[in-house]
Amino acid sequence: MHTLQNDGLIRSSLSGKYSDEVIANYLDSRKKWSWLGYLIVPLLILLRTGLIAFLMQMAVFFINHEDKTPFNKFWGVALSAEWVTILLIAFRFVYFTVIDTDYTLEELQNYIPGALTNVYDVSHLDNWLAYPFNLLNIWELLYWVFLVSGIQEILKTSTVKSFGIVLASYGVGLLIWIGFVMYMLLTTIDV
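If you count by the numbering used here, then the sequence shown holds residues 1 to 191, one letter each, in order.
Rather than coming from a laboratory, the hints here were simulated on the basis of the structure.
Note that beta-carbon positions come from the ideal geometry of N, C-alpha and C, so glycine has one too.
The calculated SDA-like cross-link candidates involving lysine to any residue, where the alpha carbons are at most 25 Å apart (straight line), are:
(1) 156 to 83
(2) 161 to 144
(3) 17 to 129
(4) 31 to 92
(5) 156 to 58
(6) 73 to 167
(7) 161 to 146
(8) 73 to 177
(9) 156 to 54
(10) 68 to 168
(11) 161 to 75
(12) 156 to 75
(13) 17 to 186
(14) 68 to 161
(15) 68 to 80
(16) 31 to 19
(17) 161 to 62
(18) 161 to 65
(19) 68 to 51
(20) 73 to 50
(21) 32 to 42
(22) 31 to 41
(23) 68 to 146
(24) 17 to 127
(25) 156 to 172
(26) 161 to 84
(27) 68 to 153
(28) 156 to 51
(29) 17 to 128
(30) 73 to 141
(31) 17 to 29
(32) 73 to 164
(33) 161 to 70
Simulated restraints on C-beta separations:
(34) 145 to 58: 17 to 25 Å
(35) 86 to 121: 26 to 34 Å
(36) 43 to 80: 16 to 24 Å
Construct the entire structure; sequences and hints are all you get.
Now the structure itself:
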């Protein structure tokens, strides 16, 4: 079995832009520091789920000052919603190992099944606009469903009120994140 992002794929993707020596140095340093990914990924998941849980708890606090739902309940909802991300990764892995085995590095990095970018041609848009279009996908919708149903379960409230809580917490956080990423793409794009 091969990994999706093997050295040959990276080498062919970078060969037109960089010298063989630069590519070899990059691949060597990538191998040297690969262990760091095993440390960073769990920390990023903890940071993401902790932040989402905090935002949801704050939204509930502002809606109902009397609510005493502990943080760990909100964190449990955020952690359970991460199964959507795991499903997406598994789907992409199967897609690129079984269905589309002849892919480029760019396709591997940018393909999100069920995204609006797969239906609507975004090639004529600026790069910084592709990111929000990529977020309009079935996986993000499923993530919202998990969050709403989790909030509905722990607070014993209606779907509409749960959706409002998720919109006021995760939705606002997501908008801020999208704005940040778009700003970074705008300021770092070579003109």
